[in-house]
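We have chain A; now place chain B onto it with these hints.
Protein sequences appear in the order of chains A and B.
Following the numbering used here, the numbering of the first sequence begins with 8 at its first residue and continues without gaps.
Following the numbering used here, the numbering of the second sequence begins with 8 at its first residue and continues without gaps.
Hints are computed from structural coordinates only; laboratory data are not their basis.
In this text, all values refer to a predicted model and were calculated from it rather than measured experimentally.
Any given hint could be a false lead.
Because identical chains share one entry, a pair is satisfied inside a single copy or across any pair of copies.
As the list claims (entries may be wrong) - As a list, the in silico DMTMM-like pairs of lysine to aspartate or glutamate whose alpha-carbon atoms are at most 20 Å apart:
| hint | residue 1 | residue 2 |
| --- | --- | --- |
| 1 | LYS235 | ASP213 |
| 2 | LYS235 | GLU132 |
| 3 | LYS19 | ASP66 |
| 4 | LYS136 | GLU45 |
| 5 | LYS202 | ASP187 |
There are 2 protein chains.
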Amino acid sequence: MINRLIEQIKTKRAPIVVGLDPTLKLIPEHVLSKHVKEKGESLQAIADAVLEYNKALVDACADLIPAVKPQIAMYEQFGIPGLIAFKETVDYCHSKGLTVIGDIKRGDIGSTSEAYAIGHLSGVELNGKRLNGFDEDFVTVNPYLGSDGVKPFMDVCAREKKGIFVLVKTSNPSSGEFQDRVIDGRPLYEHVADKVKEWGDQLMGDSYSYVGAVVGATYPEMGAVLRKVMPKTLILVPGYGAQGGTAKDLKPFFNKDGLGAIVNSSRGIIGAYKQEKYAKFGAENYADAARQAVIDMKEDINSIF
Amino acid sequence: MINRLIEQIKTKRAPIVVGLDPTLKLIPEHVLSKHVKEKGESLQAIADAVLEYNKALVDACADLIPAVKPQIAMYEQFGIPGLIAFKETVDYCHSKGLTVIGDIKRGDIGSTSEAYAIGHLSGVELNGKRLNGFDEDFVTVNPYLGSDGVKPFMDVCAREKKGIFVLVKTSNPSSGEFQDRVIDGRPLYEHVADKVKEWGDQLMGDSYSYVGAVVGATYPEMGAVLRKVMPKTLILVPGYGAQGGTAKDLKPFFNKDGLGAIVNSSRGIIGAYKQEKYAKFGAENYADAARQAVIDMKEDINSIF
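In isolation and in its complexed conformation, chain A is listed as follows:
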């Protein structure tokens, strides 16, 4: 899966992932109200609106991008109907040839992490029959519990040829509270990066590892250091656009081959229709606005090479 993702990034010249994070504020009013009219004020109505919104966005952007990253919290907030919409979104993206990164940030003690890995990456076996729960290609993982919270994901990835992105340095303002604390002369996130490299060396694809890292675009100087600590690690970079990261900030995350990072934008793409720059599209044409925003993001990012 990592080889395929790297290949898709090269072919499409787009080290880009679109975050499918459908909040109530982002779903266009006409889409939401149509479903509320049909199903009443219900989680089902919201979930139906989410799915319509996502499908239109995917239809408009699939040929331009290698991957999408649905943030499961944005579906989990709508309960079971929301999670069904998450699953249907994953399946729909697969049908369009996209790589799907489930942004789930799970992580627990060994047997529990194994259950998450089964649920999201492999499915469970019952009497020799494989039963799929969710079915992403990659998931994000929280490292706070150490190796035995991460290894079960790696074991499943080795079997299924799937991958993970481990949180190293997150994009949010308070990420430094614990992640930046200095241990033996180096911040915690560098120690986590050491581990990511160690784990990644055990699970290599052709040029990059099945074990990736998450490092926020909002911290470019740390990105530069982490790029060196983890040379074979694909870095998933959130925080571009709406969270404040710019193209210039992204350069340190890439290797000299122009690879090694994949930059996420969520609101900046799926909510483009709400920005002044894309207002001419109108809310009705939110998917066209998203497509234009992807084209602009691609150009912006490719300008740094």
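The following block gives chain B in isolation, referenced to the frame of chain A:
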């Protein structure tokens, strides 16, 4: 909710929570095969078996215990049918008067943590109507992203009178890899505990805070230190029983009033029928075995006071 939980612990003389973590290995064979016969080898069959298993366990133990802690990973591994069984388990436990701690270990950047808090503790508002996703009383939260990953949970807790347990020192063998690293002379988990105290002071119940902590029974000497760092924090203590923690190990987690901690056992209770000690019950009577294991655990823990 914290006041009610403390009251239930006192009334039932049971600082105990039963972990409802139904793995395929723990569900009694006769329960699973019955549902497989009905629904075929499917996630739905497993989910039906999970729910039957859970309900019998709850029926057998509800009068003895204040709370249950379903680990959502054990349901998420069975996809959508599994998550429906999670929700139905939460609702069933509420109908029996139990406090429900959702062991979800979520934690993300601000807006995403807010979505998790909405999904699990408050429900979403649509045109002024409240729509509940899941509906636990407490959830567990991962602190790696710092304050802005925790505060959205606290905001929802303040409104809903619900609570969280923040991971401080987890029970697994590799928890020390990052959590024990020394920063300014003290391990990371103590710095996290400082924050938990600070957050907790902002959200006090009558005697304990709405912001609790998770500290593993497998690390009693650290429990003693953390008890002092966070005197008004209810400590959720996993790792008793199957993971190796004993009653003697638990003493440091309690305050002198005999309160301040709630000890979890999962496999030790719900899988009691598989232990030699309770083999006489037989697999058919797994719920009676679980009840006896709760009685024994209560006695064991109360022996330390």
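Now the hints, each set against the structure:
no., hint, in the structure
1, LYS235 / ASP213, "within (19 Å within a copy, 51 Å between copies)"
2, LYS235 / GLU132, "neither (40 Å within a copy, 46 Å between copies)"
3, LYS19 / ASP66, "within (16 Å within a copy, 57 Å between copies)"
4, LYS136 / GLU45, "between (38 Å within a copy, 16 Å between copies)"
5, LYS202 / ASP187, "both (16 Å within a copy, 15 Å between copies)"
Hint 2 from the earlier list is the only one contradicted by this structure; the remaining hints agree with it.
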